[in-house]
Structure formats: structure tokens, C-alpha cells
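Participant: What follows is the residue order along each chain.
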Amino acid sequence: DVKVTQSSRYLVKRTGEKVFLECVQDMDHENMFWYRQDPGLGLRLIYFSYDVKMKEKGDIPEGYSVSREKKERFSLILESASTNQTSMYLCASSLGTNYKYTQYFGPGTRLTVL
Amino acid sequence: AQSVAQPEDQVNVAEGNPLTVKCTYSVSGNPYLFWYVQYPNRGLQFLLKYITGDNLVKGSYGFEAEFNKSQTSFHLKKPSALVSDSALYFCAVRALNSGNTPLVFGKGTRLSVIA
Chain S
1272 DVKVTQSSRY
1282 LVKRTGEKVF
1292 LECVQDMDHE
1302 NMFWYRQDPG
1312 LGLRLIYFSY
1322 DVKMKEKGDI
1332 PEGYSVSREK
1342 KERFSLILES
1352 ASTNQTSMYL
1362 CASSLGTNYK
1372 YTQYFGPGTR
1382 LTVL
Chain R
18 AQSVAQPEDQ
28 VNVAEGNPLT
38 VKCTYSVSGN
48 PYLFWYVQYP
58 NRGLQFLLKY
68 ITGDNLVKGS
78 YGFEAEFNKS
88 QTSFHLKKPS
98 ALVSDSALYF
108 CAVRALNSGN
118 TPLVFGKGTR
128 LSVIA
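Just so you know, the protein sequences line up as chains S and R, in that order. Counting in my numbering, the first sequence runs from 1272 upward without gaps. Counting in my numbering, the second sequence runs from 18 upward without gaps.
Watch out, some of these pointers could steer you wrong.
Chain R is faced by these chain S residues, among others (derived, beta-carbon under 10 Å) [unchecked claim]: (1) Q1277; (2) R1280; (3) Y1306; (4) Q1308; (5) R1315; (6) F1319; (7) Y1321; (8) D1322; (9) E1327; (10) G1329; (11) A1363; (12) S1365; (13) Y1372; (14) R1381.
Simulated from the structure, these hints should not be mistaken for laboratory data. Note that the Cβ used here is the ideal one computed from N, Cα and C, for glycine as well.
Chain S extracted, bound-state conformation (with noise of 0.2 Å):
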């Protein structure tokens, strides 16, 4: 079975704060992506990466980055965290080829920014 496993599950930070929320992934996949999940907005992609050291912005990347240093690693980072960006983060990761594309989920990081 895949898994894709996120660092924390919980977390709570202070306004200002430089967050690294990790997520790794054991089925070697070329695709991983990050999500923030909000009541009402459904799940919105904010970085996604498709191989080593490569990088492209979702939907709603302003505020945060990435790093893929590593093929199993993908790592979201918030620069300077702000009570805006309290919300349930999801990790996901696929292979890259058409008939195989289905996404893994991580069991998610639930992170409040005070």
C-alpha cells in the first residue's frame, strides 16, 4: 500500500513564526502536491512538484514555498506565518504516468496560527 505520512498532526504556531510542515511518501512517485483545506472552499492546491528540484505554483501559492530536495520529501514552508493560513494542510503524492495518476493523501496537519 502507499503511504504518505505528514510530520505533525497537530501544530500551533505564533503569528511570524517560520513553519516546515513535511510530508514523505515510500512508493518512489514523481508527483507531490500540497493542499489547504477550508469549510466551504473544498480542497485548494498551493505548490505542486513533478520531479526533484522542480517546482509549480497552484492556485494559492502567495505566502508560502516549497522544497523537493529529494524524491520522497516534500516539504511546505510558510515564510512568515499569519492567522490567515490557519487550516488543514494535505499532502498528496501520484505517479506521473496517465492511467496511474491516482492521488495518496496524508492523513493531513491541522495547523492554528495564533
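Go by the hints and put chain R onto chain S.
Facilitator: Same frame as chain S, now just chain R:
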């Protein structure tokens, strides 16, 4: 551009009754369609997907979905609902042969199965 609509924020159904969660999509070319389920404080779990072939797709936990190209729909169904099916359901789409384009998700439908 790709988009997904889930017209109902909430669906209520009695245990043992059939359930339907609706999804319509818009995509250029042929679609690649998914349903995911999310239980409280958990990530999304894959339920089923349609690529090509039979319009009726069977997935996990007794769920199935019917692809209707003329109506651009991919409704999720189950013949007999269980209380344990209560969760948040997401439909997602991407165009086939669209390279590395990520899935586009609907806003989700909360299913409540009442005993």
C-alpha cells in the same frame, strides 16, 4: 480549464436506503474522474476512478459511480447506506493526456446517514 461541481453541500439519507452524491464536470477532451472520501480529522481516501471503458465503475466499500458523457456527470451511488458511510465526499477530474496537470477537486458533499 477543468472544473468540478458538487451541487449539494449536504445529503441526508436513512440507513438502508440508496444514496446518491452528485458530481458534474467540465474538461477539454476525455475526462479522468475520481471519488474520494474523508472521515473526520483524516486525509482523503481513494474510492474509485473512471478512465475509459464500462460507464459503471465499482469501488471500495460497496460504492459505485456512473459516468455519463452526455450529461458530463459522475454521480456516486450505493444501494444501501450505512451509518458508517457518513463522511465528506469529494469528486475530482483531470483531462486525460494532460501531462502532469493536478486533479481539480469539487468543494465536497457531506453525507449524513441516519439510523
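Participant: A separate judgement is required for each hint: does it hold in the structure or not?
Facilitator: To see whether the hints hold, each was checked on the structure:
1. Q1277: Holds: closest Cβ of chain R sits about 8 Å from Q1277(S), inside 10 Å.
2. R1280: Status holds, d = 8 Å.
3. Y1306: holds, 8 Å
4. Q1308: holds, 8 Å
5. R1315: Hint on R1315(S): holds, closest Cβ of chain R at ~8 Å, below 10 Å.
6. F1319: holds, 5 Å
7. Y1321: Holds. Min distance 4 Å.
8. D1322: holds, 9 Å
9. E1327: For E1327(S), the interface hint holds, since the closest Cβ of chain R sits about 8 Å away, which is under 10 Å.
10. G1329: holds, 7 Å
11. A1363: Holds - the Cβ of A1363(S) comes within 10 Å of chain R, reaching about 8 Å at its closest.
12. S1365: holds, 8 Å
13. Y1372: With Cβ-Cβ at 7 Å, under 10 Å, it holds.
14. R1381: holds, 7 Å
Checked against the numbered hints listed earlier, the structure breaks none of them; every hint is satisfied.
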